[in-house]
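Engineer: Single-letter residue listing:
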Amino acid sequence: MKKENQMIDALLKEHARNKCADDSDFLKSLEGRLDAEENIISVIEPSVKRRGYGIAAGVAATLVVGAIGVAHFTKDAGFGEQIAMNEIPPTISEGLGQGASVALEHTAPTGVKEEIRKQDNQKPKLLSNDVVPDKLASASASRMQTKGWAKTRFEIKPSKSGSQSRGSLLGHRMTLEAGEVANIRINKDTHHDFYLNLGRSPKAPSVIGDRYGALTDNAFKSPWKEPLSTFSVDVDTASYTNVRRMIQSGKVVPKDAVRIEEMINYFSYDYPQPEGKHPFSVNVETASCPWNEKHRLVKVGLKGKDIIREKRPATNLVFLLDVSGSMNRQDKLPLLVDSMKILLKELNADDSVSIVVYAGAQGVALDPTYVNDEGRKAILKSLESMHSGGSTNGGAGIALAYKMAKKHFVKGGVNRVILGTDGDFNVGVTGDESLVSMVEREAKSGVFLSVLGFGQGNLNDSMLEKITNKGNGNYFYIDSLREGRKVFLDDMMGNMVAIAKDVKIQIEFNPSKVSSYRLIGYANRMLKKEDFKNKLIDAGEIGAGHTVTALYEIVPGNAAEAAPEVDELKYQKSKPQPKPVGRKVVDSPEMMTVKLAYKQPEATKETESTYFSKAVVDGKKTWQQASEDFKFSSGVALFGMLQRQSEYAGQGNYALVRKLAEHGRGEDEKGHRTEFSDIVRKLK
Amino acid sequence: MQAVDKLPTNQPADRRAFSVLAKEHHRSLLAYAQALTKESHTSRDIVQDAFVVAWRNLETFDVTRDFGSWMRGIVRNKWREFQRKSTRQVVVDDDVLECLEADAQQWDGLILHGGVFNRLEKCLKKLPENLAEAVRAFYYDELSGQEAADVLCVSGATLRKRLERARGGLRDCLQAGSNSEI
Chain C
1 MKKENQMIDA LLKEHARNKC ADDSDFLKSL EGRLDAEENI ISVIEPSVKR RGYGIAAGVA
61 ATLVVGAIGV AHFTKDAGFG EQIAMNEIPP TISEGLGQGA SVALEHTAPT GVKEEIRKQD
121 NQKPKLLSND VVPDKLASAS ASRMQTKGWA KTRFEIKPSK SGSQSRGSLL GHRMTLEAGE
181 VANIRINKDT HHDFYLNLGR SPKAPSVIGD RYGALTDNAF KSPWKEPLST FSVDVDTASY
241 TNVRRMIQSG KVVPKDAVRI EEMINYFSYD YPQPEGKHPF SVNVETASCP WNEKHRLVKV
301 GLKGKDIIRE KRPATNLVFL LDVSGSMNRQ DKLPLLVDSM KILLKELNAD DSVSIVVYAG
361 AQGVALDPTY VNDEGRKAIL KSLESMHSGG STNGGAGIAL AYKMAKKHFV KGGVNRVILG
421 TDGDFNVGVT GDESLVSMVE REAKSGVFLS VLGFGQGNLN DSMLEKITNK GNGNYFYIDS
481 LREGRKVFLD DMMGNMVAIA KDVKIQIEFN PSKVSSYRLI GYANRMLKKE DFKNKLIDAG
541 EIGAGHTVTA LYEIVPGNAA EAAPEVDELK YQKSKPQPKP VGRKVVDSPE MMTVKLAYKQ
601 PEATKETEST YFSKAVVDGK KTWQQASEDF KFSSGVALFG MLQRQSEYAG QGNYALVRKL
661 AEHGRGEDEK GHRTEFSDIV RKLK
Chain B
1 MQAVDKLPTN QPADRRAFSV LAKEHHRSLL AYAQALTKES HTSRDIVQDA FVVAWRNLET
61 FDVTRDFGSW MRGIVRNKWR EFQRKSTRQV VVDDDVLECL EADAQQWDGL ILHGGVFNRL
121 EKCLKKLPEN LAEAVRAFYY DELSGQEAAD VLCVSGATLR KRLERARGGL RDCLQAGSNS
181 EI
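Chains as they are written, first to last, in the working numbering: chain C, 1 to 684; chain B, 1 to 182.
Don't read these hints as lab results, they were simulated from the structure. As the structure is a prediction and not an experimental result, all values here were calculated from the model. Treat the hints loosely; a few may be bogus.
Taking lysine to aspartate or glutamate and the DMTMM-like style, the derived pairs with C-alpha atoms no more than 25 Å apart in a straight line are [what the hints assert, rightly or not]:
hint, chain 1, residue 1, chain 2, residue 2
1, C, K13, B, E129
2, C, K659, B, E101
3, C, K13, B, E59
4, C, K19, B, D93
5, C, K13, B, D62
6, C, K3, B, D93
7, C, K13, B, E142
8, C, K2, B, E129
9, C, K3, B, D141
10, C, K19, B, E81
11, B, K23, C, D490
12, C, K19, B, E101
13, C, K682, B, D49
14, C, K28, C, E384
15, C, K341, C, D490
16, B, K38, C, D23
On the chain B side, residues computed to face chain C include the following (Cβ under 8 Å) [as the list claims (entries may be wrong)]:
hint, residue
17, S40
18, G156
19, A157
To list a few chain B residues with every Cβ distance to chain C over 10 Å, as calculated [claimed, not checked]:
hint, residue
20, R15
21, Q34
22, T42
23, T64
24, L112
25, K126
26, E133
27, D150
28, G168
Every residue gets a Cβ at the ideal spot worked out from N, C-alpha and C, and that includes glycine.
Whole structure, please, built from the sequences with the hints as guidance.
Structural biologist: This is the structure:
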């Protein structure tokens, strides 16, 4: 294309998108950001008087002098890793702080801690002799001066060990990882006001520090051997948002960050409302499989009953906010606070909000407050005074939040702990398992859990997903105010008001119609076949108006005939034979039966589940004839498989994903499906 | 200049006036950002960020300049910032940047006459049918080059040629519009 025509090209694309009309979503979102501007600034630029938590001059000075005036290392244990500041800037302001004491602390992967402490009034000196370049995360600091402000910049350089470094500023603690930059700005006149901004250095590696649990894709199974496929529903959406963020910023997506079911369930589908006594409808559609035309694809979709916004039950929300140093970034605490403000607009005088914060110590920041005019002001005031500092004692914070929620339990209402964090639990109950089992225990009280994941580089995705799976919860990743709006405003009813819990799906395949089958995604949501009937086994929740979708890839044929010949067993005679000797198959035109188990939201662990089922006959449609939802969801599934480099992607490629997404776009009022197409196009 | 009329220069800056300007300029800025990033989602983020930066720095806005070109400067900076963070680089050389700016400046002049998009609709109607159908297939039906060529039963090269002629024609038409109506 000629360079003169590039602007008209872009203009045509923009016109095609929305003709001459304003982009109201864009303007609405912009207004929200402008509204939030003043609050954001006040959060990261606290003044002593307004905050009232008395940052003494010495504390602020600690930040600067501690950072620039490096002295000696002390070792807590005999581990050889050290941190060094290989570029020491001159002192910013002489005499800034007597008694200033802290700079950076480095945590090796083994958990061994080392500290650098500042010796008062000592001239900074180079510690190059102490640097062991291969093993170290090294920190460099540089300084700029502007008007009345002094700026210091830290950059943590990547180390082979992939370790983290923490800066501790008395009450204000920050975590820096390899590749991150901290800009610290201090008012030289008052020494009180400071501004701390953490960013990532331009050449940063992708996502050091984010932790993902390993996932293994479900394989094809023969219904002859395993006629039942059982899994728990999953309404989380975090994986899609997280993957989207990584692709948009040009980072490599780790395979295990891709949970296909969360990607499919990020989007809502047009399933009919339930009729009859069950709180959700079951909708099954079959068609040919787009990435392997010889196979069939079965879409099982559930739709939760809609509740009119005005008839929403009263809510008792306990916000549990991580205010540890690692949250001190624009895309974490300030975004969390702004997202909460969006939710606040939706609440009314019947609803109550409490806030628990956790960092070095946990505490109640706001007692339960009804969201009437006065209460709303009190909640906003409390939100605006949020600041971060200290390390994260997630365990104690969660315990306190559940205690509050139980104390103010609203019978028949929504009782929910909403945890906002980057998942950096590093003090107290730290092991994944102990925290998960604590949440599992607490969930028995009938309090639900929502987890909002923030930020990058430190995200403990695997832990956050685990605790929501066990804690009657849902998990979202919030990377922008737009996403905050989706979770708290657009999908608020579904995310907050559960209409059924412990929802399990079990599918029985007819071996005379299905040679083998494979469930796409839900890799860590599989249940044992006997769990379906076991009321004690926990499973996922469905919210009001929520849709949950699962896809099965089916190899049509006769499983019994396709079963391979295996030598007869010597010691077992009564076990199922590999060949259908003496085993009869019921003659049925059905391909499969979908069975569901669920409990009412207020049911206890001992309550018996309700069961119902639906038989499915394959209609022999091709995917081109299938519904838009079928095309779109299969496109997302294929996208997930390609991102996971799955061996099951067949002839699928990104061009096919794009085709499926575009043919399945439908009306797309919220623009989520269009955005998906954009992301795919980017990978083309 | 419209920006000067609507933006009070006294401090503090008027939020309502800013919203009016945002409403007027957001879509042409989205197009501009798309010309830089070649991607619509990123351009939305960049333009949003640019508006927020503009709002924060409204006192530094030079009233002798046009709001649109001031905003495009911020969008360019945001785009460069994004490029630094991203491993996927889109190379846009200075000549192209100049061309983009020249067009955008000219089209800003159409704001008082219903805006560039309205004018574009009029110009689209003036395109000969063979060019118009190429534009419809490629831009409005969002087909890929090959798909559009297949639908129109022409070769890929013919489609490219028609699209290029259509873009040139539309550009001339917009230019004529902005010259005659200002």
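Engineer: Broken hints, numbered, in rising order?
Structural biologist: 2, 3, 4, 5, 10, 18, 19, 20, 21, 22 and 28
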